[in-house]
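For chain A, the structure is supplied; the task is to place chain B on it using the hints.
These protein sequence lines map, in sequence, to chains A and B.
Residues -11 to 202 in the numbering used here are what the first sequence lists, from first letter to last.
Residues -11 to 202 in the numbering used here are what the second sequence lists, from first letter to last.
Do not rely on the hints blindly, as some may be mistaken.
No farther apart than 20 Å at their CA atoms in a straight line, the calculated lysine-lysine pairs in the PhoX-like style are these [what the hints assert, rightly or not]:
{"no.": "1", "chain 1": "B", "residue 1": "LYS200", "chain 2": "A", "residue 2": "LYS168"}
{"no.": "2", "chain 1": "A", "residue 1": "LYS168", "chain 2": "B", "residue 2": "LYS201"}
{"no.": "3", "chain 1": "A", "residue 1": "LYS201", "chain 2": "B", "residue 2": "LYS168"}
{"no.": "4", "chain 1": "B", "residue 1": "LYS14", "chain 2": "B", "residue 2": "LYS81"}
Honestly, the hints are just simulated from the structure, not real lab data.
Number of protein chains: 2
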Amino acid sequence: MGKVKVMSYTISLDGFGAGPEQSLEKPMGLGAEDLHHWLRQTKCFAQMIGQEGGSVGVDNDFAEKGFENLGAWILGRNMFGPVRGDWPDREWKGWWGPNPPYHVPVFVLTHYPREPLVMEGGTTFYFVTEGIDVALAEARAAAQGKDIRIGGGAATIRQFLLGGHIDELHLAMSPLFLGKGEALFAGIDLPALGYGGVERVEGEHATHILIKKV
Amino acid sequence: MGKVKVMSYTISLDGFGAGPEQSLEKPMGLGAEDLHHWLRQTKCFAQMIGQEGGSVGVDNDFAEKGFENLGAWILGRNMFGPVRGDWPDREWKGWWGPNPPYHVPVFVLTHYPREPLVMEGGTTFYFVTEGIDVALAEARAAAQGKDIRIGGGAATIRQFLLGGHIDELHLAMSPLFLGKGEALFAGIDLPALGYGGVERVEGEHATHILIKKV
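This is chain A alone, in the form it adopts within the complex (with noise of 0.2 Å):
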């Protein structure tokens, strides 16, 4: 059976996954313009968005690692669009364009029903109302057991940790602070929930902390 994991996922230096209001404009929210800077400039980011350049080295490293492997990923609403409540139509397709960097199913978590989403490059994307459970099930029948990838927001990851779901977490510490938005470690002891091992990698831009059940 394929791990759960969360990989470079991104945090400011208090814990903020995304700064406050996300929306169109501002996917990541204000003041966080910089967060992802780390992967941004690396070489595997070019390539997901078909582009020439981008750096090697640690960074790099530990972005490529992070579609190793992988049947299925599982994404919060949020960040799958900036559309909140009912659909209000379908032309919503993600933030991605015709051919998302994904190439496998993705299971959108959220409230409201909505069809499957068939895009360019393997990708599809499924609308899961029924939990992270039935998510999580979904996902595993869909990945043959291959890796599952938690993409985030910090609320997904933080269910998925309370549930006990995650085998392996790749955080990147940006250095930067927000000081406010969606904050990861709100209500979660990771020691009390059977994560430790940790381990600090330095790379480029930012710091990498590999965490797993223990």
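Here is chain B on its own, set in the frame of chain A:
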């Protein structure tokens, strides 16, 4: 006029400066024995406690820098000892033995008056019951133009941050999670308080973060 600085203040990756249930036996609280590992293995720390050896390198450089040009310290009461409430007697003289590592006046914030305590080596503990502004004024007078170091704990640093008094912070992030305890950033929005200019320096056993007023 000297600067007001937080130096070598150590937090876990989830932002705790100490674990829960601090006591005489566990001054740093439960689960936090390794929080200061980066510091304890330095030459600077060995010298502080009158021993030989210890590492030299980035961590040691930061530890030493924390003692440069200091004219006074300010400590929260729990940093001085595990005694809570009124002083039952005059027996408790700090965690550090007859010759504490300060060698300058140290102002201890407390609600309970106590006569100054003159120790060996130039350290005198003064007990301030009138709050942080009075403590800072007295520390400034004592420091004679040198810098003032706010030693902690988290609640004390938060008070000085919210009061706008701190010019520079050096935080050491140890690669571990505590899950609960004294949360340094609780209610603290560093960007909103005017702090930024974050520098990240990789140490042997901690990630060092430098922040200042911008």
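Hint consistency between A:LYS168 and B:LYS201 [alpha-carbon to alpha-carbon, up to 20 Å]: holds, 18 Å
20 Å Cα cutoff - pair A:LYS201, B:LYS168: holds, 18 Å
B:LYS14 paired with B:LYS81 [C-alpha distance capped at 20 Å]: Holds, at about 17 Å.
Restraint status (C-alpha distance of B:LYS200 to A:LYS168 at most 20 Å): Answer holds: B:LYS200 to A:LYS168 is near 18 Å, not above 20 Å.
Checked against the numbered hints above, the structure violates none of them.
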